[in-house]
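Asker: Chains as they are written, first to last, in the numbering used here: chain E, 1 to 237; chain S, 238 to 529.
Hints may contain errors.
With a straight-line cut-off of 20 Å between C-alpha atoms, the simulated SDA-like cross-links for lysine to any residue are [said to hold, decoys possible]:
hint, chain 1, residue 1, chain 2, residue 2
1, S, K399, E, L97
2, S, K399, E, Q133
3, S, K326, E, T57
4, S, K399, E, S95
5, S, K399, E, R106
6, S, K399, E, E93
7, S, K399, E, V113
8, S, K399, E, T110
9, S, K399, E, A109
10, S, K326, E, V113
11, S, K399, E, E114
It should be emphasised that the hints constitute simulated quantities derived from the structure, not laboratory data.
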Amino acid sequence: MTPILEIAGLGAGYGSVPILHGINLSFGAGQVCGLVGPNGHGKTTLLRTISGLLPTTRGQTTFDGESITGLPVHEIVGRGVIHVPQGDMLFGEMSVLDNLLVAGTRLAATSEVEDRLAVVFDLLPRLKERRFQSAFTLSGGERRMVAIGRGLMAGGRLLMLDEPSLGLAPAVIDEIYDVISKLSHAGQSVLVVEENVTRAAEVSDVVALMDHGQIVQVGAPETLLSGLSIDATYFGG
Amino acid sequence: MDTFIQIVISGLVLGSMYSVSAIGLTLLWGALNVLNMAHGAFLVAGGYAAYYFGGYLGLPAYVAIPGALATGVVLGLLVYAGVARPLRKNANFETTVIIATVGVALVIENLVQKGFGAYPLKQPLSLQGGFNIAQTFVPWNSVLVCVVSIVLLVLLDFVVRKTRYGRMIRAVAQNYEAARLMGIRTGAVYRFVFAISGLMAAISGIMLSTATTLSPTMGYDPMLKAFIVCVIAGLGEVRGALIAAFALGVLEATVQFQLGVRFALPLLLLLVVVTLIFRPQGLLRKNEASRL
Ligand SMILES: Nc1ncnc2c1ncn2[C@@H]1O[C@H](COP(=O)(O)OP(=O)(O)O)[C@@H](O)[C@H]1O
Ligand SMILES: [Mg+2]
Chain E
1 MTPILEIAGL
11 GAGYGSVPIL
21 HGINLSFGAG
31 QVCGLVGPNG
41 HGKTTLLRTI
51 SGLLPTTRGQ
61 TTFDGESITG
71 LPVHEIVGRG
81 VIHVPQGDML
91 FGEMSVLDNL
101 LVAGTRLAAT
111 SEVEDRLAVV
121 FDLLPRLKER
131 RFQSAFTLSG
141 GERRMVAIGR
151 GLMAGGRLLM
161 LDEPSLGLAP
171 AVIDEIYDVI
181 SKLSHAGQSV
191 LVVEENVTRA
201 AEVSDVVALM
211 DHGQIVQVGA
221 PETLLSGLSI
231 DATYFGG
Chain S
238 MDTFIQIVIS
248 GLVLGSMYSV
258 SAIGLTLLWG
268 ALNVLNMAHG
278 AFLVAGGYAA
288 YYFGGYLGLP
298 AYVAIPGALA
308 TGVVLGLLVY
318 AGVARPLRKN
328 ANFETTVIIA
338 TVGVALVIEN
348 LVQKGFGAYP
358 LKQPLSLQGG
368 FNIAQTFVPW
378 NSVLVCVVSI
388 VLLVLLDFVV
398 RKTRYGRMIR
408 AVAQNYEAAR
418 LMGIRTGAVY
428 RFVFAISGLM
438 AAISGIMLST
448 ATTLSPTMGY
458 DPMLKAFIVC
468 VIAGLGEVRG
478 ALIAAFALGV
488 LEATVQFQLG
498 VRFALPLLLL
508 LVVVTLIFRP
518 QGLLRKNEAS
528 RL
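Build out the structure end to end from the sequences listed, making use of the hints.
Answerer: Right, here's the structure in full:
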């Protein structure tokens with residue numbers, strides 16, 4: 001099986017400050033990969049580099065067998081690598097529906113847009129109820145759903161979710177993770193960034209541990225979790 | 238009654254020209270954070286291009302006007318490619334682009350002056366004749382200016398609010414990075430908005446020159462008025478700019494007729510100062526952070 005995503009020796013940073021020091025990571029199509037690690041160690045930077053927002057300084061990113069290193073963002077999106085950013089970044093003044101439609105801009109046919117929209121509303125019925133409401137009037141959980149819905153509208157063959165639990169109440173986090181596991185059961189490939197190791201472990205097939213801009217451990221959630229319990233720093237909560 | 242009709246007509250004509258000019262300015266700011274100081278010069282270029290094609294080359298209006306509009310679009314695209322795009326990565330983009338476009342304005346103005354001289358010229362394309370309402374003469378040209386502006390603005394408002402392209406513009410305006418992550422080609426959106434802005438400037442330049450005369454500095458006054466409209470409506474507001482432009486046009490006409498021409502500008506500036514003190518986000522905007 002060719003991996004859906006394969007990252008080899010990836011380096012990136014901000015200006016002349018390197019943040020990622022040779023990342024290696026790979027997982028299969030239909031899998032959920034959890035990327036965990038403490039705050040400020042480069043998880044977001046890695047997603048930004050994969051999606052092309054940040055230039056790759058060394059190494060390679062391969063998506064579904066083809067290199068996407070150095071491609072412009074819109075082409076990477078066009079291949080189906082969708083980055084749902086930390087903190088949602090919704091189009092606040094737009095309605096929920098317009099937020100979703102913007103994400104469907106690349107789709108040529110109206111029928112395709114309708115089909116996608118139906119799938120998103122089916123998975124996230126709350127968005128259908130609120131479709132004419134401005135994004136900035138939504139609750140935190142609903143905003144997160146719009147962000148994920150946008151990712152699905154954009155046609156993510158690989159969905160990269162940056163901290164989907166950030167700032168949400170436990171009950172709402174449960175809802176969001178429910179959605180992620182539904183997606184996973186439907187065969188969606190997901191790379192999910194989490195500070196909360198336990199949450200990530202629930203849905204992941206593979207968990208990768210990031211530390212100071214490197215992946216220091218990769219493995220099945222159970223093995224990684226038992227190994228980690230010695231080191232309390234990784235249990236953010 | 239006479240004065241009232243005169244004020245209304247004069248106000249509508251002024252409002253039309255201000256609104257088209259202000260829309261070009263406000264769209265660029267709202268969508269891209271670009272304050273285009275060459276906007277007035279774009280107006281000048283549009284007016285002179287119409288003169289050149291229509292008067293100098295003697296081409297019919299249906300060729301001369303599209304030619305002038307194309308000139309506006311090309312200028313918009315050139316400023317994007319030559320100024321905005323290279324500066325976009327700059328940390329102080331918003332400021333540097335202001336300074337750079339002041340330079341562009343000077344270049345355009347001097348080229349026009351070199352090519353056509355500094356003396357006012359008459360725009361050959363203006364519509365002749367008119368009709369009377371209650372003993373007040375209404376030139377056909379004024380009617381045309383009003384109709385064209387309103388149609389144009391309604392159309393543009395529709396494009397921004399309802400179409401796929403409009404959604405992309407709003408997305409880029411509201412969250413540039415998220416727009417990129419949704420696969421929007423932001424460069425294409427920038428180019429489109431610059432082209433529209435240049436087009437609007439050319440249209441208002443032609444309208445202005447048909448209502449008055451052509452001169453290399455004729456862009457300053459409408460640009461100042463466009464700024465006033467933008468401040469009062471809230472920079473980046475398309476619909477607000479339309480309402481503010483017509484309100485200001487009528488207000489200006491009233492002051493001109495009732496108090497005298499020299500009171501009009503001071504009064505408008507006073508309005509700007511008061512607005513900036515009490516509602517810096519603009520009179521017609523709901524919240525400060527709102528974009529397009
Ligand atoms: N825009 C930026 N400019 C400079 N440094 C940044 C920027 N964003 C993040 N960093 C730095 O990069 C490092 C990794 O940040 P980030 O990838 O956001 O970590 P994480 O997502 O794991 O919390 C941190 O030290 C942070 O200070
Ligand atoms: Mg982060």
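Asker: All hints, please: hold or fail.
Answerer: Going through the hints against the structure:
1. S:K399 <-> E:L97: Measuring from Cα to Cα gives roughly 12 Å; hence the hint holds.
2. S:K399 <-> E:Q133: 16 Å, holds
3. S:K326 <-> E:T57: Since the Cα atoms of S:K326 and E:T57 sit roughly 18 Å apart, the hinted pair holds (cutoff 20 Å).
4. S:K399 <-> E:S95: 12 Å, holds
5. S:K399 <-> E:R106: Between S:K399 and E:R106 the Cα gap is close to 17 Å, so the pair holds against 20 Å.
6. S:K399 <-> E:E93: 14 Å, holds
7. S:K399 <-> E:V113: Status holds; Cα separation ~16 Å.
8. S:K399 <-> E:T110: 15 Å, holds
9. S:K399 <-> E:A109: Given that 20 Å is the threshold and the Cα spacing comes to 17 Å, the pair holds.
10. S:K326 <-> E:V113: Roughly 33 Å between the alpha carbons, so the hint for S:K326 and E:V113 is violated.
11. S:K399 <-> E:E114: 17 Å, holds
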